[in-house]
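**Student:** Given these sequences and hints, build the entire structure.
Each residue of the sequence shown is one higher than the one before, starting from 0 at the first, in numbering that gives the first Met the number 0.
It is possible that some hints are incorrect.
[Claimed, not checked] Restraint-style ranges between C-beta atoms, simulated for each label pair: (1) Tyr147 - Asp276: 46 to 54 angstroms; (2) Gly291 - Gly419: 32 to 40 angstroms; (3) Ser192 - Asp329: 33 to 41 angstroms; (4) Gly367 - Glu313: 19 to 27 angstroms; (5) Glu224 - Gly291: 21 to 29 angstroms; (6) Gly269 - Pro228: 21 to 29 angstroms; (7) Leu217 - Val404: 18 to 26 angstroms; (8) Thr273 - Glu114: 41 to 49 angstroms; (9) Glu114 - Lys186: 44 to 52 angstroms; (10) Asp329 - Thr232: 22 to 30 angstroms; (11) Lys242 - Pro142: 15 to 23 angstroms.
Keep in mind the hints are simulated off the structure, nothing from the lab. Built from N, CA and C at the ideal position, the CB exists for glycine as well.
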Amino acid sequence: MTDATRGDGLRSRLRRQLLLGTAAALTLAVTGAGAAFAQTPPTEEVNTTGLAVTEDTVKVGILHSVTGTMAISETGSVQAEKLAIEQINAMGGVLGRKIEYTQEDGASDWPTFAEKAKKLLVEDKVAAVFGCWTSASRKAVLPVFEQYNGMLYYPTFYEGLEESPNVIYTGQEATQQILSGIDWVAKNKDAKSFYLLGSDYIWPRTSNKIARKHIEKLGLKVVGEDYYPLGHTQFNSVINKIKLKKPDVIYAIVVGGSNVAFYKQLKAAGIDMTKEDPVLLTISVTEDEIRGIGGENIEGAYAAMKYFESLPNENNQKFVADFKNMWGEDIVIGDVTQAAYLGPWLWKAAVEKAGSFDIDAVREASPGIELTTAPEGYVRIHENHHLWSKTRIGHAQADGQYKVVYETKELMEPDPFPEGYQ
0 MTDATRGDGL
10 RSRLRRQLLL
20 GTAAALTLAV
30 TGAGAAFAQT
40 PPTEEVNTTG
50 LAVTEDTVKV
60 GILHSVTGTM
70 AISETGSVQA
80 EKLAIEQINA
90 MGGVLGRKIE
100 YTQEDGASDW
110 PTFAEKAKKL
120 LVEDKVAAVF
130 GCWTSASRKA
140 VLPVFEQYNG
150 MLYYPTFYEG
160 LEESPNVIYT
170 GQEATQQILS
180 GIDWVAKNKD
190 AKSFYLLGSD
200 YIWPRTSNKI
210 ARKHIEKLGL
220 KVVGEDYYPL
230 GHTQFNSVIN
240 KIKLKKPDVI
250 YAIVVGGSNV
260 AFYKQLKAAG
270 IDMTKEDPVL
280 LTISVTEDEI
290 RGIGGENIEG
300 AYAAMKYFES
310 LPNENNQKFV
320 ADFKNMWGED
330 IVIGDVTQAA
340 YLGPWLWKAA
350 VEKAGSFDID
360 AVREASPGIE
370 LTTAPEGYVR
380 IHENHHLWSK
390 TRIGHAQADG
400 QYKVVYETKE
410 LMEPDPFPEG
420 YQ
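**Tutor:** Structure below.
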């Protein structure tokens, strides 16, 4: 599928009006962007590097896993990006051009991500790519984007320790999620000991390395640390180890489909998270994963994120309504899904501020762009290409939603290279 306007289509005149109203509101709330309905500039002025831009259209790429173990997590990102693209097209597109998209499947395989990224940049000549989920997939495509000078909008919370001129990171980095979350559980749950658990690849291992340093810096103790391959489904042995070690906190960074097995087996082993003995704190389970896990199997756990579907602000209520209108009333929306939704809007703002689709111009225009109507409330691009954002703690409910029990008072400045944690 290569044409968002034809591929999905607006299902009714009412829906088109709804999308148009939301799109116009979002556009008016973007600081630093050009006029939303300015006269269409000629292609030779806005595309000097041979991108797939015509007088009427501009092509972008969507690159996520829609098959394999990561599909449970990444499908929401695809849905969010398509919603944003439809809304942008409904109010006139970008520099007067409708967005068309080419979608590729990373298939939960890192070499495939790199291969598909090269295709999008070299063959399809897309003006931007919205994609990836795991750090392994991002690391796999990063050399491709830097070699061919593409721009990736990456939506997932991650370990930090990276800053590329070819990436806009719309999720949180370690100081905004890992360190802040540990500070909260140590203070509010009087946690003294932690058991670290993760899937076996770069993000969980690096995140737990940062977490361990911070835990020990606080004078607390790590009593266990284990990793399992992506797609792993047998967690009974590590659950027994956790029960023997009796940590105050299970710090879980299990990703993808493995979460379904882990949380069901945790409950079957008699660990009732509603009793908070131990407390379970995750930085990897959003509402998207809970849909597969089942709310009854994770009720009582806590998650450190910047976004939850239950946020009561008006921006989010409109976003949730639009999302469900497009994808169904039973759909859920997680942290990464919301961050993925921001990507096309921030790209549009940068293009219109620059007056050009050229990658170098978009890169230069990006820092300082802010979106006051983001579902999470507010975002602003830092000079390091990460976003200012708040940390929030959600408490998992039986209905599959999180109840927000804490949020930082102020936006947290992104710091992908925190001193002492590298």
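**Student:** If you check the beta carbons of Leu217 and Val404, does the distance land in 18 to 26 angstroms?
**Tutor:** holds (21 angstroms)
**Student:** Honestly, do Gly269 and Pro228 meet the 21 to 29 angstroms range at C-beta?
**Tutor:** Once the Cβ atoms are compared, 26 angstroms apart, the range 21 to 29 angstroms for Pro228 and Gly269 holds.
**Student:** Using the beta carbons of Glu114 and Lys186, state whether their distance is inside 44 to 52 angstroms or not.
**Tutor:** Once the Cβ atoms are compared, 46 angstroms apart, the range 44 to 52 angstroms for Lys186 and Glu114 holds.
**Student:** Using the C-beta atoms of Gly367 and Glu313, is the stated range 19 to 27 angstroms upheld?
**Tutor:** The hinted range 19 to 27 angstroms holds for Gly367 and Glu313, with Cβ atoms some 24 angstroms apart.
**Student:** CB of Thr273 to CB of Glu114, is that within 41 to 49 angstroms?
**Tutor:** Roughly 45 angstroms apart at Cβ, these two residues keep to the hinted range, so it holds.
**Student:** Has the hinted range 46 to 54 angstroms been met by the Cβ atoms of Tyr147 and Asp276?
**Tutor:** Given a distance of about 52 angstroms, which is inside 46 to 54 angstroms, the answer is holds.
**Student:** Range hint 21 to 29 angstroms: satisfied by the CB atoms of Glu224 and Gly291?
**Tutor:** holds (25 angstroms)
**Student:** Could you see if the CB distance from Ser192 to Asp329 stays within 33 to 41 angstroms?
**Tutor:** holds (39 angstroms)
**Student:** Measuring from beta carbon to beta carbon, are Asp329 and Thr232 in 22 to 30 angstroms?
**Tutor:** Holds: the Cβ-Cβ distance is about 25 angstroms, inside 22 to 30 angstroms.
**Student:** Taking the beta carbons of Gly291 and Gly419, is their distance inside 32 to 40 angstroms?
**Tutor:** holds (37 angstroms)
**Student:** Taking the Cβ atom of Lys242 and the Cβ atom of Pro142, is their distance within the range 15 to 23 angstroms?
**Tutor:** Hint violated: Cβ distance 43 angstroms, outside 15 to 23 angstroms.
Violation of the numbered hints given earlier is confined to hint 11; every other hint is satisfied by the structure.
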